[in-house]
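Visitor: Below, each chain spelled out in residue letters.
Protein chains: 2
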Amino acid sequence: MNIKVKWLRNQLMSLKLDGMIVSNPVNVKYLTGLEEEGILIIAPKENIFITDSRYIESVNRKLTIDDEIIAYDTKKMTKYDYEGIFMICENIGFEERYITYEQYQNYLQTYQVNLVETEGLIENQRIVKEEQEIACIQKACEITDSAFEYIIKHIRKGMTEKEIAFEIEKFMLLNGADKLAFETIVASGTNSSMPHAVPTNRRIITGDIIQFDMGCQYKGYASDLSRVVFVEDMADEYEAVYDFVLEQQEKIQKALKDGSNIKSVIKNREADYQLKNFPIMHAFGHGVGLDIHELPFLKSNQDCTLRENSVIAIEPGVYFPGSFGIRIEDTYQVTKNGCINLTKCVKDKTIIHLLEERA
Amino acid sequence: MNIKVKWLRNQLMSLKLDGMIVSNPVNVKYLTGLEEEGILIIAPKENIFITDSRYIESVNRKLTIDDEIIAYDTKKMTKYDYEGIFMICENIGFEERYITYEQYQNYLQTYQVNLVETEGLIENQRIVKEEQEIACIQKACEITDSAFEYIIKHIRKGMTEKEIAFEIEKFMLLNGADKLAFETIVASGTNSSMPHAVPTNRRIITGDIIQFDMGCQYKGYASDLSRVVFVEDMADEYEAVYDFVLEQQEKIQKALKDGSNIKSVIKNREADYQLKNFPIMHAFGHGVGLDIHELPFLKSNQDCTLRENSVIAIEPGVYFPGSFGIRIEDTYQVTKNGCINLTKCVKDKTIIHLLEERA
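From first to last, the protein sequence lines are chains A and B.
If you count by the working numbering, then the first sequence holds residues 1 to 359, one letter each, in order.
If you count by the working numbering, then the second sequence holds residues 1 to 359, one letter each, in order.
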């Protein structure tokens, strides 16, 4: 049997659950490799993937005998087929964070069992990565690094944020990325003060600050990178903030390793922000894997211990609404002794020069 | 007050609800224009958008006094602020199809009210489009048409499905699209037999059938277009199937107008499929708007009446697993007298010729 499904079966046994309905598509991919729409059902006698006719062929192409997963077409299943899945079962786990209230009611009707919350059982298992998972993230990081190094040498006079974002995405997709990990952020001038700015038609001008936030997926695994550059010149006001943000990132990196308590590390950084009277606009970081934002979150309310082979993005930022913002972010592998940076592109204050407009 | 929020307030009154929590981001955009993360709360005395510090600035830039919507930063709100929102209220509507079971439990705790299912109240309102909504869809359709006309003249020998998909997406994004409406499908040869194929590294060869399914967003509104072309030559086996699919689309188009019953129209088409022994792998179509798939769905279980100024995609398809598939899809505006095709690119059987490889 598929080794991850086997792991899940053991977990369910120790939780005294007779089975589980896995609805989160990322968890389905983690367990089975399948990206097709559907739900994975761990039943006493078999593992079932219920999909529909649009996907049944590609699902059957991907599953091997060793997976021990049977694919069913939902349209060919009757009420009695559904009720038979958990026959004589009592308690079945479900993912309360991924099914809607309406689906919950439907599951109750369909499966006629007692549904038990599983509280991120699979998400917690995903925190510690295997070697080949880290290799995929590393590859995604390399592609992202290259895209950044490329773009800062190829911004032409008159280019808009949107055009720059598009060039970044094109570079990643043509250089090995399967997909984008999220929509690329290119925020220039005062737009940089919004942590989640969407690229606009604003044209880059001399003196601008440009905030980049970019990442791609390789075999399903994400990278996450943020950088700030200055166009032709760097105003004095940016310097101290840049140094502060970079220092915060370094302090977090140095404090985090296998066994670190996230809460205490982040509490210290929040104290630095409070001393400067800088508002804290978002978490200091997050896990990266099949999801771009996953466990663990680097927040002061997370009283949990970091573990070896977690992969995390550390991304302190400082924002002055209506004025500007600076965020620096890298993706790291957590080890016994510290954090290894998987995104390696230049992090010194960088002044870029615009190319001439195309004829 | 924002006219759509006013409409919603009237609906709630007639449903005897004291307020509503709008969680579906597409519904929030429909009502307010906001695309930032957050929830819209219709409370007895005010309209509130609860977001967080990442978005508060851009939300405040977008909202006008006329909207009569106040933006709050969730982090600055206490337990008592939340409980105060629906003070003295009894029944509050919620979107049971968009919040998770966990969120439902949180809402109960947070707002201390009785939550009542609203059964797609806003989604149903979105079915009939206003003039400027149709204009946006029309623009998205024009961009998509142009991308198709462009790509079939620019496929080079040796190109892969992925590369072709990327060129289509690039064309749309550089020619006015804000975003893609979904990930472009380019499925060649036997891959075409999977309705939801993902582009692969398979290279196009002479004799191939290529299935395209593509669309973009303009100001949030989507387009949806599917076409099939043949490379250098068309095998006989394709001809009859192509004719059948095109005929099905024409029959549906002719049968649909303001007042048509969807169920009876689609039942007739299903009878044609059964006569030929063709499997029905997906719905015959769907509404198109802020969501790429929205109400109404063209399925024989939809016993509902089509209305003027709905926008629908009609997309019959026939698939032979492991062999090939053909789907033809256009986006239409429903009128009093029929359906107006908003996607206008060539629909005759098209044989394309490959360009030479780049030096």
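Derived from the structure by calculation, the hints contain no laboratory data.
A portion of the hints provided could be inaccurate.
Treat identical chains as interchangeable: a pair holds within one or across any two.
[What the hints assert, rightly or not] The calculated lysine-lysine pairs, modelled on DSS-like cross-linking and capped at a C-alpha distance of 30 Å, are:
1) Lys6 / Lys276
2) Lys257 / Lys79
3) Lys6 / Lys219
4) Lys79 / Lys267
5) Lys344 / Lys6
6) Lys4 / Lys251
7) Lys157 / Lys267
8) Lys251 / Lys344
Please read these numbers as outputs of a predicted model, since none were measured by experiment.
Visitor: Are the hints correct? Go through all of them and say.
Guide: Going down the list of hints, with the structure as the test:
{"no.": "1", "hint": "Lys6 / Lys276", "in the structure": "neither (51 Å within a copy, 44 Å between copies)"}
{"no.": "2", "hint": "Lys257 / Lys79", "in the structure": "neither (51 Å within a copy, 35 Å between copies)"}
{"no.": "3", "hint": "Lys6 / Lys219", "in the structure": "within (22 Å within a copy, 47 Å between copies)"}
{"no.": "4", "hint": "Lys79 / Lys267", "in the structure": "between (53 Å within a copy, 23 Å between copies)"}
{"no.": "5", "hint": "Lys344 / Lys6", "in the structure": "neither (37 Å within a copy, 52 Å between copies)"}
{"no.": "6", "hint": "Lys4 / Lys251", "in the structure": "neither (36 Å within a copy, 49 Å between copies)"}
{"no.": "7", "hint": "Lys157 / Lys267", "in the structure": "neither (43 Å within a copy, 58 Å between copies)"}
{"no.": "8", "hint": "Lys251 / Lys344", "in the structure": "within (17 Å within a copy, 58 Å between copies)"}
Violated hints, listed in ascending order, are 1, 2, 5, 6 and 7; each of the other numbered hints is respected by the structure.
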